[in-house]
Structures are given as C-alpha cells and as structure tokens.
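Colleague: Here's the letter readout for the chains.
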Amino acid sequence: MSIVFFTIPLALILAIVFLIAFIIAVKIGQLDDLKTPSYKMLLEDEKVLEKEIKNDK
Amino acid sequence: MNDQKNCTHCNEPIVVGHTLPDNNEAIFCCHGCMNVFEILQEKKLTDYYKLREDSGVKEFGTIKSNHKKFGYLDDEHFQNQHIKTTDQTKELHFYLEGIHCLACLWLLEKLSIFNQNILSTELNMSQSILKVIISRDEKFSEVAFLLNKLGYTPHPILEDSNLSDLKKKEDQKDLIRIVISFFCAGNIMLLAFSNYAGTEGIIRISFEFFSFLLFLPILLYSALPFYKSAYNSIKFKNPNLDLPIVFALLMGTILGLYSLYFHKNYIYFDSLATLVFLLLTSRFILKKAQHSGMSATEISSFFTNLSTIKIENGIEKEIHSKYVAVGDILIVNSDETIPCDGIVIDGNSTLNASLLTGETKPIYIEKNSEVFSGTINTGNPIKIKVTKDSKNSKLGTILTEVESGWNNKTQISTLTDQIAKYFILSVFVISIICFLYFAKDGLWEEAILRTLSIIIITCPCALGMATPLTLSLTLSKLSRIGIIVKNASVIEKITKAQNVFFDKTGTLTYGNLKVENWETINTEANTLAIIYSLEKKSKHPIAQSLKSYIEYEWIKNNSKKISLEVRDLEEVIGSGISGIIGDNKYEITSDATNESNKTKLVLMENSIPIANIYLSDMVRENAKLIVDKIKLLRLDPFLVSGDADGPVYDVGLQVKIPRKNIFSKHDPNAKLNLVKHLPQTIFIGDGANDALALSQSLVGIAVHGGVDISMRASDVFMAKNDLNLIIRLIESSKESLNIIYRNLNFSFLFNIVGIYFAVKGDISPLFAAILMPLSSLTIVISSIIGNRKWRSSFKQ
Numbered sequence: 001m002s003i004v005f006f007t008i009p010l011a012l013i014l015a016i017v018f019l020i021a022f023i024i025a026v027k028i029g030q031l032d033d034l035k036t037p038s039y040k041m042l043l044e045d046e047k048v049l050e051k052e053i054k055n056d057k
Numbered sequence: 001m002n003d004q005k006n007c008t009h010c011n012e013p014i015v016v017g018h019t020l021p022d023n024n025e026a027i028f029c030c031h032g033c034m035n036v037f038e039i040l041q042e043k044k045l046t047d048y049y050k051l052r053e054d055s056g057v058k059e060f061g062t063i064k065s066n067h068k069k070f071g072y073l074d075d076e077h078f079q080n081q082h083i084k085t086t087d088q089t090k091e092l093h094f095y096l097e098g099i100h101c102l103a104c105l106w107l108l109e110k111l112s113i114f115n116q117n118i119l120s121t122e123l124n125m126s127q128s129i130l131k132v133i134i135s136r137d138e139k140f141s142e143v144a145f146l147l148n149k150l151g152y153t154p155h156p157i158l159e160d161s162n163l164s165d166l167k168k169k170e171d172q173k174d175l176i177r178i179v180i181s182f183f184c185a186g187n188i189m190l191l192a193f194s195n196y197a198g199t200e201g202i203i204r205i206s207f208e209f210f211s212f213l214l215f216l217p218i219l220l221y222s223a224l225p226f227y228k229s230a231y232n233s234i235k236f237k238n239p240n241l242d243l244p245i246v247f248a249l250l251m252g253t254i255l256g257l258y259s260l261y262f263h264k265n266y267i268y269f270d271s272l273a274t275l276v277f278l279l280l281t282s283r284f285i286l287k288k289a290q291h292s293g294m295s296a297t298e299i300s301s302f303f304t305n306l307s308t309i310k311i312e313n314g315i316e317k318e319i320h321s322k323y324v325a326v327g328d329i330l331i332v333n334s335d336e337t338i339p340c341d342g343i344v345i346d347g348n349s350t351l352n353a354s355l356l357t358g359e360t361k362p363i364y365i366e367k368n369s370e371v372f373s374g375t376i377n378t379g380n381p382i383k384i385k386v387t388k389d390s391k392n393s394k395l396g397t398i399l400t401e402v403e404s405g406w407n408n409k410t411q412i413s414t415l416t417d418q419i420a421k422y423f424i425l426s427v428f429v430i431s432i433i434c435f436l437y438f439a440k441d442g443l444w445e446e447a448i449l450r451t452l453s454i455i456i457i458t459c460p461c462a463l464g465m466a467t468p469l470t471l472s473l474t475l476s477k478l479s480r481i482g483i484i485v486k487n488a489s490v491i492e493k494i495t496k497a498q499n500v501f502f503d504k505t506g507t508l509t510y511g512n513l514k515v516e517n518w519e520t521i522n523t524e525a526n527t528l529a530i531i532y533s534l535e536k537k538s539k540h541p542i543a544q545s546l547k548s549y550i551e552y553e554w555i556k557n558n559s560k561k562i563s564l565e566v567r568d569l570e571e572v573i574g575s576g577i578s579g580i581i582g583d584n585k586y587e588i589t590s591d592a593t594n595e596s597n598k599t600k601l602v603l604m605e606n607s608i609p610i611a612n613i614y615l616s617d618m619v620r621e622n623a624k625l626i627v628d629k630i631k632l633l634r635l636d637p638f639l640v641s642g643d644a645d646g647p648v649y650d651v652g653l654q655v656k657i658p659r660k661n662i663f664s665k666h667d668p669n670a671k672l673n674l675v676k677h678l679p680q681t682i683f684i685g686d687g688a689n690d691a692l693a694l695s696q697s698l699v700g701i702a703v704h705g706g707v708d709i710s711m712r713a714s715d716v717f718m719a720k721n722d723l724n725l726i727i728r729l730i731e732s733s734k735e736s737l738n739i740i741y742r743n744l745n746f747s748f749l750f751n752i753v754g755i756y757f758a759v760k761g762d763i764s765p766l767f768a769a770i771l772m773p774l775s776s777l778t779i780v781i782s783s784i785i786g787n788r789k790w791r792s793s794f795k796q
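So the sequences go chain by chain: A and B.
Per the working numbering, the very first residue in the first sequence carries number 1; after that it's consecutive.
Per the working numbering, the very first residue in the second sequence carries number 1; after that it's consecutive.
The shape of chain A in the complex, shown without the other chains (with noise of 0.2 Å):
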C-alpha cells in the first residue's frame, strides 16, 4: 500500500498543472467574456460557408 505515498502526490502535482492552467486562463482574460465567444464560433461556421460557395463557383 505504501504506493499511495507516490501517486497521491503525483496525483496533486498532476492536478495543480491543471490548477495553474486554469489561473493563467483567467488572469489573461479568457474568462471575461463567456457570452459573445459562443457567438462568435456559430457565425465563423457562415464565413467559411461563404468562402466554399466562392470556390465552387
């Protein structure tokens, strides 16, 4: 059982990468606007739809 005194840490650090991942994401500001990026990605889809259309033309 003693194996639990490696993993369990491993386990933290694993988890506090993520943790800091996270605050970084934060701090450059990806999470100050949540509602228009969701937008955003429905009308990007039109775009490359235009550009298709040109192309086949």
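Among the hints, a few may not be true.
[As the list claims (entries may be wrong)] Pairwise CB distance ranges, derived in the manner of DEER restraints: (1) B:N669 - A:S38: 45 to 51 Å; (2) B:K43 - A:S38: 51 to 57 Å; (3) A:S38 - B:A644: 50 to 56 Å; (4) B:Y756 - A:F6: 40 to 46 Å; (5) A:A15 - B:N232: 30 to 36 Å; (6) A:S38 - B:W444: 58 to 64 Å; (7) B:I39 - A:I24: 39 to 45 Å.
Because the hints were derived from the structure by calculation, they are not lab data.
Computed from a prediction, not measured in an experiment: that's the story for all the values here.
All residues carry an ideal CB built from backbone N, CA and C; glycine is no exception.
With chain A held as given, fit chain B onto it using these hints.
Modeller: Showing chain B alone in chain A's frame:
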C-alpha cells in the same frame, strides 16, 4: 381572428404602420425601424433577419427615433479627456442600447462594410459594450451616427479606464479564489473518503495530514473575503452571516489540529473546504446576476452626454454640454434637448417639458422666455443665452440631489441579516449552556469538544448559500424578460410594499398625443388625404401624430397613400396650418374654446368646418388591467403627476384608481414628499420629474424611456415598454421569497438535528461529513426546483 400585424424590423405589434414605397410585404411600426431596414437592404445585409430568426429571440425592442447629435465626440476637450489615441488609431467604447442576439453581433462586427475607416469592432454581449477602433483621421461622431442609424443608441463610456480595470481584476481574483477552493476541496474529499472507508495506521495519519495541507490555501487565501466582512461586522457592531462562518472555520481548524496531534476523531477539513467553495460560488453567481455596476460609474456618464451647438465668433461649433459656460450663445434645433437653463434671444418655438413637469401640452416660447434644461424644443430652431451651466441648471440640481439621495438611501436590513442576528445569538447561547453543563462536572475536554462541534455543525449554509442562489436565479430570469434589477435586496423590498405610485405621462399613458377621435361633418371630401398633404412637411408634434394616424388608417384599409398638391402652404407656429388644394382653401386650426382635456383640431374648407379631430395622450391599452392586478395583489394604487387636474383625473378614473389616491400638480419635490410620507411604496415613473421620488421610494421602477436620469435614480429598470412586467416583477419576487422561507425552514430542521447530536456527543466526523453537505444540497435543489416551477407558471 388575428389581424394584428407585427413590425418587420422589431417584431412589436404595430399601432401605427409605415411601409416602404417599393416593398409592400415589409411593414414597420415607426420610421426608425423602417430606416434600419432600408440601410440593411441597401448594403445587402438582410441576412440579419434570417440570423435573428434562427437565434430564437422574439423580442427586440423598438427603435427609438432620436435625433441625437454626436459632434461633441470630435471636440478637442473631449478627445483629450476620453479617447485613447495611438499614432494611427483611436479607440472608444460605447455602451449600446438594443443589443439582443447573434444577429446584432454579426451586424456590428461588419461595421467596416459601412465605413472603411472603422478598423475593428469588438462586441461584448454580456455587457453590451462595443469597442471601436478607427483610423486617426476618422471622426467618432460618424461612428456614433452610424450606430444610431442602425438602431442602437450609442452611449460613449467616459468611465475612467483604471476603474474598469480594477473591477475586472477583482472579478478575476474572485474566480481564482473559487477555483483554488474547488481544487483543494475536491482533493481533501478524496482523502477523507478513504479515511471514512476505514484506512488505518500510518496511511490514515498521513491522509489527515495531507488534507490539512490542502486546507491551508483555503484558510489563508480563498476565505479572505469572509474574514474581511466578519471584521467589518464586528467593527460596525452589525452581525452578519460571515461572522459564524469565520468562527466555524477557525474553530474547525483548531479542532482539526488538536485532533491531528492527539489522534482524535474531530477532523472537519473536508466539510469546511466544501462549505467555503459553495459559499464563494453562490456569491459569485449572485454578483454576476446583479446589475449593480449599472448604478455606479457607468451610468453617470450617460445622461450628461448631450451635444450642443455653440456660436463662437460667429462660427457654429459642436461641443459637449459639459463645456458650456454661462453667457455662451447656443443654437437649439428642433427635436433637441436644451442642455442648460437660459433665455431665448432669437426665434420662437414650442417646448415639450414633460420630462421636467409631466405636462404633455406644448409650451409656447418667444424672445426673452426662460427655458430650462431637459425640455425638448419641438418647433423652430432657437438661440439661447446660457444663464446657468449644465451643472447648476434645473436638471443638474435634480441630478445632484438624486445622487446624494441615492447614497443616503436608508438600507433596510434584509431578512437574512435579521435572521443571522437571531441565529448567531441562539447558537452562542446553546454552546455556552452546553459548555457550562459539562464544565460544571469538570469534564473540560468533553465540554470544549462538544461546544466546538455545535458551532461547526450549525454553520449557516442555507442562509449563506441558498438565499443568494435563489435570488440570482430570479434576477437572471427577470433580466431575460427585460427587467433589470440593480440590487438583489429589491426582491425582498418589493414584497414589503403596500402602495404603488404611478406617474401619469409616459407611464400609464403613451406620453405623446395620439388621435383619439376623427369626425367628419357633412362632407364627401377625403379628409385624411387633405390633412396628410397639408401636414406632410411639418415638424410639429401634432402633425407627426396626425401623419402616423393617417398612414396607419390607410394600411389598415389597404388603400394607397394619397398625397395631393398643395399651393400657398403656410404654417403659423402656435396656431395652425393652411394651404390651397385644387380650388379650395383648407385650414387646420386648434380649437382654443375647447374646454375638455383633449386637444381639438378643426379642418376647414373655405372657412366651413368639415372635420373635428380630437387628440389626447392616450392611456396605455393594458393600464386598467395592470391597475386591477395591482389591486388583486393587495397593493394600493396611486396616481401622481405634475400635470393639471383635468387630464390627471381623467386618466386616473379611466384606469379605476380611487379618487382619493390621485394627486395632480405635483412638482418633483412634492412627489418626493408624498413618497417620504408613505414609506412602503413602489414608485413607477419615467421622467426627470420622477427622479427624486424614484430614488427615495422603497423601490423605484423606471419604465422604458432610454438610459437617462430616471434610470439612474431607480432600483429597477424596464428594458421593454410593457406595464405587464411590473406585475411579473411583483409576482416573481413573492415567489422567490417563498422559496427562501422554505429553505430557511429546511435548514433550521437540519440544524436542530445537528445540535441535538452534537450536545449528546454522538457527532462522528462521518456523520458531520454527511449531514453538512446533505443540508446544503437539499437546499440548493429546493431553490432550483422552486425556480423551475415558477418559470413554467410564467409561460402560461
């Protein structure tokens, strides 16, 4: 049977319709909507409507055709103070009224199609803020003009950029606190779980030690806001919920450390960590749901954004009203708001002072008449000499008073605050009794352990968490239907109200003159066509309402627009209009002898009257229904207005407000006094004349009228022009308060059980670990389900 037509642009039911000459399918409720449609058609951007349909949003709000000027954006003073410039670009942020869905985003990010010099636009939909970057040579007035033309009312944000950065930083810090507490709580839970499952020996001890380590970041960082608030509550001798929470946290830590050292069973790190995480999260959600930011700095820049034309050395120059000084000569064109108090030095015109006085009848002004800021010039252009600058003007003083009133508004202690006091008191009393009971037998260790257990177990989760959660669910639902609540305490205050005050002009009525009755006298002539032709070019407000009425009549009857040729057209301000059509001389005059509350117009053919037209500020269609509902909710309806006796009583009795509850001729201060004498009052109003009353009433509700002084003074703002929202607001407040009461009962039940076992000494960590989250969970579920129910009842 449904012949109700909806506007092609804004989807609102049409009262008076307009159509484009080349497109009969599209019908509009106003010129504003029609213009937007035209522009979009011209630029081939009609996909906008398709996108909007896909987005599923049904309500967009009408275009307010306002003739705002934005020339001041180019004024040097202004540029230096508020616009960020680099070598090639300039940047300004606008708060836009009228953002609703995906289609807006699509349109606004395509602004460069309209103007090549707009380099980039970025819309933040959750805040309705548009960031615009343009090339250095372009003018921001052009951008604002374009936005306005598209139907969004732009308000340049003059906010200090440092301040908004600070707010953003704080939000980020909150998030980081939450995520750290989540991280730690989750990991502690894993460790604690194995211990409950029965680990033993060195593994158990090391797990306990690990959970203590993981608890430290929560204790030292995530929980900081609680310490601060608890410290303040001691300092100001006003116990709040954070006090017992902090107490439980500290006690839990001490008890945990003690147990670690002596190998006892009192380790509550997992429960406490979860508690901190849940509390932080629910508070964050509430903060996000409240539009509290709206009440402070951002709004303060809105109303005062008035552009004016100043004459300097014979040259006309557009400046911001902030920079107007006493003695300046200003030109006020028709449909413009007068920015400062002054004296007319040239020209004569009519004024609409309803914003200031509540009176709908136009006021006639000529040379040497005094004019006040906030009134609207509805007639000819006039020149005025400024006697008081915008800060000291009539409107400016109201604004200052509102501000100070807002700051001094007595905070009614909320339900949870009051309960918190009793709660803290009773927990302390119980713990002291428990302590003394065991201590008198000399069982010191037992006494301390059991007392601490009580304090930790009774930590007020429901109060701290479920209440903000319920409130934020309610707030976000309200904002979805167009009710913007600035502060969550409003919800509770509304349920305490006993009286509802309505303002007349613009609240119960439409706020402008409408044709009520059109009678022709022994004539075959097409009076509609004659009047339309005569009034076609007039800018007078009465002419506008006549025109819209006639256009709508035509659309209703599917007949064509008829415009006749008029010779010798002559308009006399304040009296009427005349002209020759065919062989007959026609004349429209207002009937001065008319004594009723309506404005009566007479159309004369060769000096013989052929039609009487009655105009009045009509009562909104659903006004009577709303008043009835208010009565059903056991609230007392009142009507108060600055207008004269006649129209006020007329409206009041029409909507069945008891005669004793109707007050006329009340100026802003009189309204304020009225509200002060009846403290349990909801005040619903729109104009600047209501602002003082709005700010001092228990709950001030500003109805749709754009972002202006009344919005600033109020607690609730209606983003849609629908009185029904008031009923919805009251009903939903009651509903959500019921949920809160139910949650409180639940939590008391849990706490009583908890205290019973704590006193008995049966509390094992396992028991605590189950009981504490279970109580929280039940309450959270109860809040969510309660709100669901309410939502489904809403749809019916």
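Colleague: For each hint, tell me whether it holds in the structure or not.
Modeller: Consistency of the hints with the structure:
1. The beta-carbon spacing between B:N669 and A:S38, approximately 48 Å, falls within the hinted interval of 45 to 51 Å.
2. Roughly 26 Å separates the CB atoms of B:K43 and A:S38, a value that falls outside the hinted 51 to 57 Å.
3. Look at A:S38 against B:A644: about 53 Å separates their beta carbons, and that is inside 50 to 56 Å.
4. Evaluation of the 40 to 46 Å hint for B:Y756 and A:F6 yields a pass: the beta carbon distance comes to about 44 Å.
5. A:A15 and B:N232 have their C-beta atoms about 34 Å apart, which keeps the hinted 30 to 36 Å range intact.
6. The beta-carbon spacing between A:S38 and B:W444, approximately 59 Å, falls within the hinted interval of 58 to 64 Å.
7. Taking the beta carbon of each, B:I39 and A:I24 are about 43 Å apart, inside 39 to 45 Å as hinted.
In the structure shown, a violation is registered for the earlier hint numbered 2 alone.
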